[in-house]
Structure formats: structure tokens, C-alpha cells
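Novice: Residue numbers (this note's numbering), protein chains in the order written: chain A, 1 to 114; chain B, 1 to 113.
Bear in mind the hints are in silico, worked out from the structure with no lab data behind them. For glycine and all other residues, C-beta sits at the position ideal for the given N, C-alpha and C.
Below, a list of computed lysine-lysine pairs in the DSS-like style, where the Cα atoms sit at most 30 Å apart:
no., chain 1, residue 1, chain 2, residue 2
1, A, K57, B, K70
2, B, K105, B, K59
3, B, K105, A, K9
Quick partial rundown of chain B residues pointing at chain A, CB under 8 Å, derived from the structure:
no., residue
4, Q33
5, E41
6, G42
7, P43
8, T48
9, F103
10, G104
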Amino acid sequence: NAGVTQTPKFQVLKTGQSMTLQCAQDMNHNSMYWYRQDPGMGLRLIYYSASEGTTDKGEVPNGYNVSRLNKREFSLRLESAAPSQTSVYFCASLGVVTDLYGYTFGSGTRLTVV
Amino acid sequence: TQLLEQSPQFLSIQEGENLTVYCNSSSVFSSLQWYRQEPGEGPVLLVTVVTGGEVKKLKRLTFQFGDARKDSSLHITAAQPGDTGLYLCAGLNYGGSQGNLIFGKGTKLSVKP
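Please build the complete structure, drawing on both the sequences and the hints.
Specialist: Written out as C-alpha cells, the structure is:
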């Protein structure tokens with residue numbers, strides 16, 4: 001099925017560890033996004049990539065880096081995880097899917113930093 | 001900073017009741033989208049409204065974009081347990097960075113059988 005695939009689904013890290021969240025879309029969309037979702041805070045944009053080869057900071061970029069590897073893949077890296085980065089992370093792409101123009105989200109990565 | 005305020009935050013109703021969820025801002029948006037998110041999943045796009053005053057219907061769901069493009073509402077008729085979820089509105093800025101949506105914090109709807 002067409003969509004956005006995120007891995008892993010769950011992850012527990014110790015403070016100071018690093019990890020990369022993977023995201024791939026097969027809808028040929030140009031723009032891709034990383035959001036985090038926290039209770040009471042809603043969805044907040046971390047980084048985005050308007051097209052292959054470009055990346056830009058969103059609202060909450062500190063502590064994160066991204067790589068737009070190709071048109072399909074957009075990864076999010078935590079270099080030195082902190083408890084404040086405990087959250088649910090969503091990747092999304094922007095484009096037309098079944099006659100609707102908007103975001104298609106992955107199913108999320110639930111990250112706990114202890 | 002542009003904000004989208006959603007109300008109510010929480011709504012618990014019985015099956016068969018009608019409800020309206022509101023999404024308000026002091027800013028003008030070029031378009032507004034509504035998403036539904038179920039536990040453990042990502043948000044799923046329901047509709048995009050673009051024209052001020054526009055009304056779109058999706059089965060028992062009716063979406064309206066305010067004339068001034070600052071607000072929107074979602075009305076559900078005869079709610080069913082399957083409508084349970086988090087409803088998010090998201091606005092696209094005029095002249096903003098490509099595709100960057102501003103999300104409201106959501107309305108958590110629970111429909112009891």
C-alpha cells in the first residue's frame with residue numbers, strides 16, 4: 001500500500017545515546033517533514049525538506065539533525081538523546097493522495113529517553 | 001506566532017448525538033485541513049478547505065471554512081463509536097514556507113455506544 005513507512009515503531013534510549021529514525025515514502029512527493037507530538041503541545045515541526053537536496057529548520061530543531069537521502073527517504077538523527085526528547089515522532093510527506101492534497105503521516109515512532 | 005485554537009479540548013457524547021468542533025485563529029490562512037488521529041497511529045487527512053465560506057461534506061461530517069479564512073468548524077451528525085479519535089485542524093500560511101502547516105492541539109472525541 002502506498003504511504004509513509006517509519007522505523008522503528010518503539011525505542012528506548014539512555015541519556016547521551018544516539019539514534020536515527022528512518023522514514024520512506026513511495027508516493028513520489030517532493031516535500032517531507034518530521035514532527036514531534038507531546039501531550040498538551042500538539043504537533044510541532046522539527047525539520048522539513050521542501051525537495052530532494054534541501055532541508056530547513058522548523059519550530060523545534062535543537063538536538064536534531066536530518067538527512068534527505070533521496071526523494072523517498074528522510075531521516076532524523078538524535079546525536080545525544082535527552083529525556084526532553086521523549087516523544088512520539090511522526091514523519092509526513094505532502095502531496096496528492098486519492099484526490100486529497102495534504103499530509104500523509106507515518107504511524108509514528110514512540111521514543112523514551114531514560 | 002500564528003496559533004490555531006481548537007475547542008472543546010475534550011468531548012464525550014453518546015452514540016447518535018450531534019456535535020461541533022471549532023478551530024479559530026486571528027490569522028488568515030490560505031487553506032485549512034482537518035485530520036483524525038486514532039490511538040497509536042498517525043493523523044489521517046479528512047478534508048482540505050480553500051475558499052472562504054466553503055462547505056464540504058464527507059458522509060456525516062460537515063466542514064466549513066469561515067468567510068474571512070480565519071476559522072473553521074467540523075460538525076458530526078449522529079455520531080458513532082467509530083468517530084472516536086483526536087481531531088486536528090491545520091492551517092497553511094499565506095506566503096509561508098512550502099507546505100508548512102500550523103496545527104491546533106486537537107479535540108479528543110469519545111463516542112459511547
